[in-house]
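Participant: Sequence:
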Amino acid sequence: MRIAPGDLLSWANSLEINHNIMSAVSIKKALSGEIASGTQIKIRGWVRTRRDSKAGFSFISTHDGSCFDPIQVVAPAELENYSSEVQKLTSGCAVICTGELVESQGRGQKFEIQASSVEVLGWVEDPDTYPIQPKRHSFEFLRDVAHLRPRTNTFGAITRVRHVAAQAIHRYFHENGFFWVNTPIITASDAEGAGDMFRVSTLDLANLPYKENGSVDFDRDFFGRETFLTVSGQLNVEGYCLALSNVYTFGPTFRAENSNTTRHLAEFWMIEPEIAFADLDDVADLAENFLKYVFKSVLDECPDDMAFFAQRIEPTAIERLERLIDAPFVHIDYAEAIGILKASGKKFEFKPEWGLDLQTEHERYLTEKHFNAPVIVKNYPTEIKAFYMRLSDDGKTVAALDVLAPGIGEIIGGAQREERLDVLQKRMLEQGMDAETYSWYVDFRRYGTVPHAGFGLGFERLITYITGMSNIRDVIPYPRVPGRADF
RNA sequence: UCCCCGGUAGCUCAGUUGGUUAGAGCGGGUGACUGUUAAUCACUAGGUCGUUGGUUCGAGUCCAUCCCGGGGAGCCA
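Following our numbering, the numbering of the first sequence begins with 1 at its first residue and continues without gaps.
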């Protein structure tokens, strides 16, 4: 039996195995208007608040995460467990509510449920100390209860936006003929100096084997050599790029840097597309096109969540995404950027100078003050960039790019790769890199080399930008940062 | 890693130049009231003031130390 792609989901949902799943409806569906008023429905979720009316019923505001809004369940005093259970419900209790879906008599919601049954599945053991209360909590506090914070409005919204953005990313690439490549998480290459690495080892730290010269004998480690957690899938994905043309990675990435900022995590997710037969301008266009697609998808698919961010987190959350979708990104050369900074007359803590990397204050000036738009800065001085970036004819610059966004700074870093064998080898030699470790990478330049380019996008930085959340630790479920790996 | 700021009730905070029994709002409990919706009103329970040490007749308050958190910088995505 062959089933048309558009019918696959209804075919799957019709299978016996799903009958139990379909017996209740999501709150999203109950509030959507798809279900006729008067229909008997069942919803399952967690209590946000309970308000009693002595007129003989209680309002139970219930959420299940399917959408931003909770549904109001009207529980009449006639319920057999009304005084014994319903009136004892507190924030966080898990309930199954059955009843008639009706248009609400009160303001604030279109539909509500006139309950004929409220079944309590899980009580809150001690309501007095349950951390998630129906009030505003600080994000600092919620980080200490990261396992419970998904029950709040904000973290529910973040989770849905994160999901929609991830789906949009995969969809964008899929529909543009890219293949998702799962590059290894454990690696032996000291990946291009992108940062300090976490060691992966099964050696007994209290009883390390040593070689005769006194160094640790990694021959006896699990992989028979030193290994680490990946800091980038780029080197690996290049191999797939030079066979499948358009590829990307989307996976966890690890940096053991002692970074204590609102935009760094020790464990984060990174998206790295890599395109063959392409130069720096091609990858700059890809970055712009890609970002606009993802932003548009989130605006279209998460209107309620985005409205919440605009109302409570960052007033311009929606407008700035709309503006960014409409306006072309600014493209400038690093040299021009230095010129603009020097001519600005602004006093910077670090003086802008050709040959030095742009400081955060410089990036902010360019993207927030001078252009007030996303800026793609291209062609950086050779000395401050990685070995694999393509050298210009005069050798002074490499074909690197950074995408700077107002509010967060660097969101994307990319480059055209050095495809010429001799030039790459020379640069690796200059930087004192171990030729043997990277021989497989150099092979790509030996066998059918072509110009190719790619970029890296920090997924959490993207979510930070979309939602207006100011700390990256609040857009990943369980943040890992120096000194903390709770939960 | 460096520079600033902070740690008081379950949560968010106030607490005077050091001075008796440390306060408020929310949340919890009890009651009243109400198609309510951050409901409202009354009553009530709840604190070794981050740790350790010091100064003082007396420390939430001053000093030192360590721990933890936040913001900024560097590194980067």
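Simulated from the structure, these hints should not be mistaken for lab results.
Since the structure is predicted, the reported quantities are computational estimates derived from the model, not experimental observations.
Misleading hints may appear alongside valid ones.
Straight line, CA to CA, 20 Å or less: simulated SDA-like cross-link-like pairs of lysine to any residue [unchecked claim]:
#, residue 1, residue 2
1, 110, 100
2, 385, 189
3, 342, 372
4, 28, 177
5, 88, 29
6, 54, 72
7, 29, 64
8, 28, 54
9, 369, 332
10, 292, 171
11, 88, 150
12, 342, 301
13, 42, 144
14, 342, 312
15, 369, 327
16, 42, 100
17, 54, 83
18, 396, 425
19, 28, 88
20, 342, 319
21, 135, 150
22, 88, 111
23, 29, 135
24, 88, 110
Participant: If a hint holds in the structure, say so; if it doesn't, say that too.
Facilitator: Tested hints:
1. 110 <-> 100: Answer holds: residue 110 to residue 100 is near 14 Å, not above 20 Å.
2. 385 <-> 189: holds (18 Å)
3. 342 <-> 372: OK: residue 342 and residue 372 at ~18 Å, within 20 Å.
4. 28 <-> 177: Roughly 33 Å separates the two Cα atoms, so the pair is violated.
5. 88 <-> 29: violated (28 Å)
6. 54 <-> 72: Given that 20 Å is the threshold and the Cα spacing comes to 17 Å, the pair holds.
7. 29 <-> 64: holds (11 Å)
8. 28 <-> 54: violated (29 Å)
9. 369 <-> 332: holds (15 Å)
10. 292 <-> 171: holds (13 Å)
11. 88 <-> 150: violated (23 Å)
12. 342 <-> 301: violated (43 Å)
13. 42 <-> 144: violated (34 Å)
14. 342 <-> 312: Outside the cut-off at roughly 38 Å; violated.
15. 369 <-> 327: Given that 20 Å is the threshold and the Cα spacing comes to 16 Å, the pair holds.
16. 42 <-> 100: The hint holds at about 9 Å.
17. 54 <-> 83: holds (12 Å)
18. 396 <-> 425: holds (17 Å)
19. 28 <-> 88: violated (26 Å)
20. 342 <-> 319: violated (31 Å)
21. 135 <-> 150: This hinted pair holds, its Cα atoms lying about 15 Å apart.
22. 88 <-> 111: violated (24 Å)
23. 29 <-> 135: violated (26 Å)
24. 88 <-> 110: violated (26 Å)
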